[in-house]
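Same order as they appear, the protein sequences are chains V and R. With this note's numbering, the residue at position 21 of the first sequence is 295, and numbering never jumps. With this note's numbering, the residue at position 28 of the second sequence is 167, and numbering never jumps.
I should point out that these hints are in silico values taken from the structure, not numbers from a laboratory. Cβ atoms here follow ideal geometry from the backbone N, Cα and C, with glycine treated the same way.
With the Cβ distance kept under 10 Å, some of the chain V side facing chain R (calculated, not the full set):
{"id": "1", "residue": "V278"}
{"id": "2", "residue": "E333"}
{"id": "3", "residue": "R382"}
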Amino acid sequence: NAGVTQTPKFQVLKTGQSMTLQCAQDMNHEYMSWYRQDPGMGLRLIHYSVGAGITDQGEVPNGYNVSRSTTEDFPLRLLSAAPSQTSVYFCASSYRGRGEAFFGQGTRLTVV
Amino acid sequence: EDQVTQSPEALRLQEGESSSLNCSYTVSGLRGLFWYRQDPGKGPEFLFTLYSAGEEKEKERLKATLTKKESFLHITAPKPEDSATYLCAVQGWAQKLVFGQGTRLTINP
Numbered sequence: 275n276a277g278v279t280q281t282p283k284f285q286v287l288k289t290g291q292s293m294t295l296q297c298a299q300d301m302n303h304e305y306m307s308w309y310r311q312d313p314g315m316g317l318r319l320i321h322y323s324v325g326a327g328i329t330d331q332g333e334v335p336n337g338y339n340v341s342r343s344t345t346e347d348f349p350l351r352l353l354s355a356a357p358s359q360t361s362v363y364f365c366a367s368s369y370r371g372r373g374e375a376f377f378g379q380g381t382r383l384t385v386v
Numbered sequence: 140e141d142q143v144t145q146s147p148e149a150l151r152l153q154e155g156e157s158s159s160l161n162c163s164y165t166v167s168g169l170r171g172l173f174w175y176r177q178d179p180g181k182g183p184e185f186l187f188t189l190y191s192a193g194e195e196k197e198k199e200r201l202k203a204t205l206t207k208k209e210s211f212l213h214i215t216a217p218k219p220e221d222s223a224t225y226l227c228a229v230q231g232w233a234q235k236l237v238f239g240q241g242t243r244l245t246i247n248p
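Work the whole structure out from these sequences, hints included.
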């Protein structure tokens with residue numbers, strides 16, 4: 275079992291560029307979520323999904339889009355990158371939305 | 140609005156020196172309080188779930204306790220490998236996990 279896999283691990287973008295952060299899980303979890311982690315701010319929820327075809331906004335959704343076409347995959351799209359989106363991004367999954375979540379290794383994104 | 144505050148922000152101990160980390164919370168309809176460990180450059184790793192006041196959970200040198208307003212993570216006779224950032228999170232009726240800022244723990248040999 276690979277658990278939760280995120281790609282890429284590191285990325286540098288120029289302001290205005292777009293990109294997709296990939297997240298895949300092999301545990302058949304219904305619930306998946308995206309967080310960003312900034313120094314002194316803790317983990318903040320961006321978007322989440324309770325199952326294929328269903329997504330909703332978290333605490334800091336502006337500038338990000340998500341979709342969930344399969345149970346396994348939950349990509350996060352940055353439409354037009356801004357320096358304020360420089361952060362470490364984590365994808366997580368859990369069984370039926372329980373708080374015992376499994377996290378990926380993270381993507382460190384720098385926007386210049 | 141659900142909120143979690145952790146203290147201290149950073150804690151440095153000598154090997155074998157026991158201490159406690161604090162997690163204060165406010166939540167609408169507590170479904171659970173969770174402790175995670177995060178090593179540098181890695182994602183958080185789940186440690187404990189506490190559901191109701193008075194509950195305790197133990198794992199090796201770690202013990203988590205819960206009251207109606209706080210949770211404590213007690214570390215007994217820590218070793219250098221216990222060095223990590225410890226995160227506390229709550230889940231309320233809305234089912235979203237809300238995390239605190241974390242406590243960065245360093246154990247010196």
